[in-house]
Amino acid sequence: MTDTAEITKQVKEIVVEHLGVEESKVTENASFIDDLGADSLDTVELVMAFEEKFGIEIPDDAAEKITTVKDAIDYIVKQKAA
Amino acid sequence: MFRLDGRTALITGASGGIGGAIARAFHAQGAVVGLSGTRREALAALAEELGDRAHVLPADLADPAAAEALIAAAEGAMGRLDILVNNAGLTRDTLALRMKDEDWETVLAVDLSAPFRLCRAALKGMVKRRAGRIISIGSIVGATGNPGQANYAAAKAGLVGMSKALAQEVAARGITVNVIAPGFIATAMTDALSEDQRAALAARIPLGRLGRPEDVAAAAVYLASDEAGWITGAVLHVNGGMAML
Ligand SMILES: NC(=O)c1ccc[n+]([C@@H]2O[C@H](COP(=O)([O-])OP(=O)(O)OC[C@H]3O[C@@H](n4cnc5c(N)ncnc54)[C@H](OP(=O)(O)O)[C@@H]3O)[C@@H](O)[C@H]2O)c1
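Protein chains in written order, with our numbering: chain Y, 1 to 82; chain E, 1001 to 1245.
Careful: at least some of the hints might be erroneous.
Stated by the list, open to error - Quick list of in silico lysine-lysine cross-link-like pairs, BS3-like style, CA-CA up to 25 angstroms:
1) Y:12 to E:1164
2) Y:25 to Y:9
3) Y:53 to Y:78
4) Y:78 to Y:65
5) Y:70 to Y:80
6) E:1100 to E:1128
7) Y:25 to Y:70
8) Y:25 to Y:12
9) Y:70 to Y:12
10) Y:25 to Y:65
11) Y:12 to E:1128
12) E:1124 to Y:53
13) Y:53 to Y:70
14) Y:65 to E:1100
15) Y:9 to E:1128
16) Y:78 to Y:9
17) Y:70 to Y:9
18) Y:65 to Y:9
19) Y:53 to Y:12
20) Y:9 to E:1164
21) Y:65 to Y:80
22) Y:9 to Y:80
23) E:1128 to Y:70
24) Y:78 to Y:12
25) Y:25 to E:1128
26) Y:53 to E:1128
27) Y:53 to Y:65
Stated by the list, open to error - Listed below are several chain Y residues computed to face chain E (Cβ distance under 8 angstroms; list not exhaustive):
28) 39
29) 41
30) 61
As the list claims (entries may be wrong) - What follows is a set of in silico ranges between Cβ atoms, one per label pair, in the way DEER data are often shown:
31) E:1191 to Y:41: 38 to 46 angstroms
32) Y:27 to E:1028: 49 to 57 angstroms
33) E:1072 to Y:41: 18 to 26 angstroms
34) E:1144 to Y:29: 54 to 62 angstroms
35) E:1165 to Y:9: 36 to 44 angstroms
36) Y:55 to E:1191: 44 to 52 angstroms
37) Y:60 to E:1108: 49 to 57 angstroms
38) E:1102 to Y:60: 30 to 38 angstroms
39) E:1101 to Y:74: 32 to 40 angstroms
40) Y:31 to E:1101: 47 to 55 angstroms
In short, the hints are calculated from the structure, not lab data.
Beta carbons: idealized from backbone N, C-alpha and C, even for Gly.
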């Protein structure tokens, strides 16, 4: 499995667990707030969960731009590659 | 009513008068208690008195790194943290004209910054579990001011603003954040007063006596209980009627 595929899988797992939503709803284009019912505290929790899981730090200005599942995957893939 | 069976609570300043009373009251209601302070012997003596369900968790909250470590230690010892009581506090009284930066900074660090860091660290687990209670011990002087206590009054007023902000941030997760503002309570902090000063104080209190640590502890039990689940962002004044706010 490529890194990107693995990261995608793990990001989706975290989203499913944190937001308690059906796995089928967690498509790459799903917006945390508009499609998955997250509130602002959920998005902070998600970012913290990503940081913990992937051992990275996501600064606030970057975190603000992570609004969809794909945003999260792209950011983490880029950080892990760097 | 007001039982805390199976709940885990961290009480800072448990080596002191009010904190010790809160720890005893929580324990009597069935809670597991984590006792914090800098004086290990005093904490160990209290833990021994309580018997089971008591953990000694020393920390010097003047050290910015101590708060996070204390929450981790509490969660480690008790499995999780349901109730945080920010009670540790100190004073460095002197008129502002004579107040050194250090007097200001020490009081703000222990009485306001440490509680913030403890809240931040404790909330992580509480938000995940969607339950929790945070109770901070403010003071009547945070609302009324008091000559010689610009630092302490600022810190205690700061706790109120902080708690109201946090209460709004985490209300949707079933976590409540409240402040108890005691008036004059007979503890080591007030032992420094002379008999005359104490009598003069009592004369200003409609209920006619200084408070007891147990008066504050009873309020803390209430706010920690399930029964207080609809109270958040509140300041509960426990002051014998000295200031009716
Ligand atoms: N007594 C009153 O009339 C009154 C009125 C209003 C509000 N309050 C508030 O009630 C709270 C408890 O006060 P109290 O009357 O019970 O006084 P106390 O007997 O002097 O207790 C103060 C507690 O704070 C702890 N503490 C102080 N500095 C600390 C530090 N750097 N790190 C960790 N712990 C520290 C002490 O622990 P160690 O001794 O182990 O260091 C002690 O357990 C305080 O927040 C105080 O401001 C008291």
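These are the hints, each one checked on the structure:
no.	hint	verdict
1	Y:12 to E:1164	violated (34 angstroms)
2	Y:25 to Y:9	holds (14 angstroms)
3	Y:53 to Y:78	holds (15 angstroms)
4	Y:78 to Y:65	holds (14 angstroms)
5	Y:70 to Y:80	holds (15 angstroms)
6	E:1100 to E:1128	violated (42 angstroms)
7	Y:25 to Y:70	holds (13 angstroms)
8	Y:25 to Y:12	holds (10 angstroms)
9	Y:70 to Y:12	holds (10 angstroms)
10	Y:25 to Y:65	holds (21 angstroms)
11	Y:12 to E:1128	holds (18 angstroms)
12	E:1124 to Y:53	holds (15 angstroms)
13	Y:53 to Y:70	holds (17 angstroms)
14	Y:65 to E:1100	violated (44 angstroms)
15	Y:9 to E:1128	holds (22 angstroms)
16	Y:78 to Y:9	holds (16 angstroms)
17	Y:70 to Y:9	holds (12 angstroms)
18	Y:65 to Y:9	holds (21 angstroms)
19	Y:53 to Y:12	holds (12 angstroms)
20	Y:9 to E:1164	violated (39 angstroms)
21	Y:65 to Y:80	holds (18 angstroms)
22	Y:9 to Y:80	holds (15 angstroms)
23	E:1128 to Y:70	holds (24 angstroms)
24	Y:78 to Y:12	holds (17 angstroms)
25	Y:25 to E:1128	holds (22 angstroms)
26	Y:53 to E:1128	holds (15 angstroms)
27	Y:53 to Y:65	holds (19 angstroms)
28	39	holds (6 angstroms)
29	41	holds (7 angstroms)
30	61	violated (20 angstroms)
31	E:1191 to Y:41: 38 to 46 angstroms	holds (43 angstroms)
32	Y:27 to E:1028: 49 to 57 angstroms	holds (53 angstroms)
33	E:1072 to Y:41: 18 to 26 angstroms	holds (22 angstroms)
34	E:1144 to Y:29: 54 to 62 angstroms	holds (56 angstroms)
35	E:1165 to Y:9: 36 to 44 angstroms	holds (37 angstroms)
36	Y:55 to E:1191: 44 to 52 angstroms	holds (51 angstroms)
37	Y:60 to E:1108: 49 to 57 angstroms	violated (25 angstroms)
38	E:1102 to Y:60: 30 to 38 angstroms	holds (32 angstroms)
39	E:1101 to Y:74: 32 to 40 angstroms	violated (47 angstroms)
40	Y:31 to E:1101: 47 to 55 angstroms	holds (48 angstroms)
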